[in-house]
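Undergrad: Chains as they are written, first to last, in my numbering: chain Z, 1308 to 1639; chain D, 2 to 335; chain F, 482 to 789.
Facing chain Z, according to a computed beta carbon distance under 7 Å, are these residues of chain D, among others:
| hint | residue |
| --- | --- |
| 1 | ASP232 |
| 2 | PHE233 |
| 3 | ARG235 |
| 4 | ASN238 |
| 5 | ALA239 |
| 6 | LYS240 |
| 7 | LEU242 |
| 8 | HIS251 |
| 9 | ARG254 |
| 10 | ASN255 |
| 11 | PRO330 |
| 12 | ARG331 |
Listed next, with one range per pair, are the computed distances between beta-carbon atoms:
| hint | chain 1 | residue 1 | chain 2 | residue 2 | range |
| --- | --- | --- | --- | --- | --- |
| 13 | Z | GLU1349 | F | PHE696 | 34 to 44 Å |
| 14 | F | VAL533 | Z | ASP1388 | 50 to 60 Å |
| 15 | F | ILE534 | D | ILE26 | 38 to 48 Å |
Hints in this document: simulated from the structure, not taken from any laboratory. Glycine included, each C-beta is placed from N, C-alpha and C at the ideal position.
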Amino acid sequence: MALLEVRDLRVVFQRRGTEPFTAVDGVSFDVDPGQTVGLVGESGCGKSVTSLAIMGLLPSRGNKVTGQVRFEGTDLLTLGDKEMRNRRGRDLGMVFQDPLSSLNPVIPIGLQVTEVLERHRGMSRKVAMVEAAELLGRVGIPDPRRRLSEYPHQLSGGMRQRALIAIALACRPRLLIADEPTTALDVTIQAQILALLKELVQDTGTALIMITHDLGVVAGLCDEVNVLYGGRIVEKAARYPLFADPRHPYTHGLLSSIPRLDGARGEKLVPIKGSVADNIPWDHGCAFAPRCPNALPVCREVTPELEAGDVRSLRCHNPVLPGTPAAQEVSA
Amino acid sequence: MLRFIVRRLLQAIPTLLILSLLVFIWLRSLPGGPSGALLGDKATPEKIEALNKVLGLDQPIFIQYFRFLGRILSGDFGSSLISGEPVVAEIGRALPATIELSLAALLFAVVLGIPLGYLAASNRGRFLDNSTVIGTLVGVAVPVFFLGILLKQLFAQDLALFPPSGRQDVTIDPTHVTNFAVLDGLLTQEWDAAADALWHLVLPAIALGTIPLAVIVRITRASVLDVLNEDFVRTANAKGLQATLIRRRHVLRNAMLPVSTTIGLQTGLLLGGAVLTERVFVWGGLGSLLAQGIERRDYPRLQALLLLAAVVYVLVNLLVDISYAIIDPRVRAS
Amino acid sequence: MTSLLKRKRARVDALAESAGTSLAADALRRMARSPVALLGAFLVLAFLVLAVIAPFIAPKDPYQRYPELLENLRPDFIPGAQPGFLLGGDELGRDFFSRLLVGAQQSLVVGVGATLIGLVLGMLIGGLAGAFGGWVDSWLMRFTDIMLSIPSLLLAISIAALASRGSQTTVIIAVAVTTVPIFARLLRGAMLAQRHSDHVLAATALGVRRRTVVFRHMLPNSLGPVIVQATLTLATAIIEAASLSFLGLGDPDPSRAEWGLMLGNSQRYIDVKPELAFYPAIAIIIVALGFTLLGESLREALDPKNRR
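Isolated chain Z (complex conformation) (with noise of 0.2 Å):
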């Protein structure tokens, strides 16, 4: 049995006055015991969307969430909010985009690691100060003792989001969600982290949900991979089909807008055209169509079904042809 099952997770945000917006729009997938799935797409795909709903984290009000989370076969999505903050910190662990601001401020380091280790492992204060060093010596901060009373403006943006890790690690979670991990950061430390993430999961049997719009990220990290577009899965493979033989124009088109060391000299970058839309309507047609090389007619009208397959599951009428190279060749 997979250790998340995400069934038909459907967030509908309703603003009082607004029409209602939907930003997941049934999502299906399933995150195995030490598995790493990744989570691609756009800005506003709802791949963040996703990884606060299955943690419970959106807002209490504004918004709808229907379908399944079902964790270890229990249905996250029934929980009461004492339940789930029982779970989220335990079982279920979480990393942010911008490690500064998802650190208290006033408060020192020391204390934002202990404090989950007092509220899930039952520590007092002073066993979990030890720990605590231990964690954050774990996850490669330089003198983990001296950092425990500092305050998060005293530490660089790599140790900030170390130390992060290490607070959503500190319960030994059975899963992991990282959204936009190595966004906020320099290249350099990006690579850092990643790194880090993959030993961390690995030694441990952590699965862990990616999430990104940096293909290069799940390249090295993930084992399957599901591309979003408007809300829904337009593709979903593991990786090296995904890389090798992308097939849905979005995967493809996402691919060669990636400068390429390997390619000719000539060859043009690719970019998608125009922009994820404040609203993409699945109701009539595809919502990549406006946007697609592809596009036929038929794609203007009939929504397509995600179709599962041998390797992949796609949700395109007309998709690339296997065997296109990801970069278009332009004679200079």
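Given the coordinates of chain Z, assemble chains D and F onto it according to the supplied hints.
TA: Chains D and F only, in chain Z's frame:
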């Protein structure tokens, strides 16, 4: 921390110096100049000239300023034109009354304002929140003195629940130690005197504290709403911490930063409002001294009160900075 | 090359302007939907109209002492409503209703006068500080800091006390001075934020003259908070002027129909005829509330955080 306090104190010095210069200029721009002001109604051109000589007003202006500075630094503010008493003595006697009233008003505003602001924020958009917001808007629109008159009429005259004026009942003969009526009663264990003084404080404190209350409620509400949207609150929720702990440790502490600044800024409002409130309730503090001083154009007294108000304001803001530094480690560092 | 530059300038200008207008239009649209804003606007508008037409609709001469009212006037009795006198007389036998109406005009003159003077002086100081920066900025700001360090009512009192005899002008000036540092700091802060914003940097980088940058880019985009503050200041100015009158620093002429003065003078008769104190006070509260509601909803509407 000590270094921080010393640095802030040193930073206040130039402000106070320029302030003294402004008061000096103010004195010199009074009708008839300082001598005319000192002589008041009795001023004639000859008398003014004679006094000018005595006061050294025929000296170059910067020498005059330094003398003025020397005088105020040694605490010599001259004598009141009304009572003939040294202004410092007058103020010394009236100060406790005003401090007592202002502290009571501030206490009323803070103790009620912070929880109310918090409640409003955590019930955003609901009835409690909306009515609180409307209440604060009306609160700042009511003139202090009218609120005083209204409270007095309603609770002192009509319902006779509270005394209409004064700090203590005339039939009580309290022992004076600090001139803080409530404190004196407690110190000398004259419980009835303390209770009576407290009773007298209620209406004036509410009248004076209402605008600060409205402001504190609004700032607390806005600041709690801001903090609730912060990423670190989401992190705290992701850790599975109990809601009460998050509220206490993560939300309130951060939300208190702007609130503490606001409380500091209220001092000015309180000092101004005290003048009006004391007038309504015949309180006999600095406000009464000031009101009387204005009517009779008692400039030595006005000058001293003006400087005092500014010094108090600077000191209170120093306290606010210190409290800020205690709450926020980032301020300590910079 | 020059023509290219010109075109670029025009484009940057157009961009900045379109951002400005759409923001204003957006804010207006949001205000039209908010009941609080509409209530505020209604109260303010009603007050403005009343203040202008008051002398024409006042049924009696507000300064005249009428025999009908004087006849029964005793220390323990002030006549109430009677034919021709809607709210009866005041403590000197004048028509209370007419005086209340005309009082609106007085409050408007004081409020608008003080706010305008404060606004102009404050914008001058803040604008200079914001446009020049450097030592000009630091000295001007130190000056405003000191003015802010004196409680505003005390500052107004000490300025009003400079005049040997109170008058409406003294009150206006005294209240105006207390608002100067607020406007100065506000405009300077907004302009400073603008200085480092991308569109000003872009204009500067394109070689647009400093004067043009200041007047066409920095100033218009800084006006939002200033307008909000001016609206809120109108409320406090009216209250503060009333407070000065109440303390006896206003016009000593007891015949003047001014709400603060009426409130102060009638305090002695509060047991005899409480309306004499309550109606002017309620008038002050309603007007102050109107400006506050309007100002607050304007602030909310202009706040980019609330844009969607």
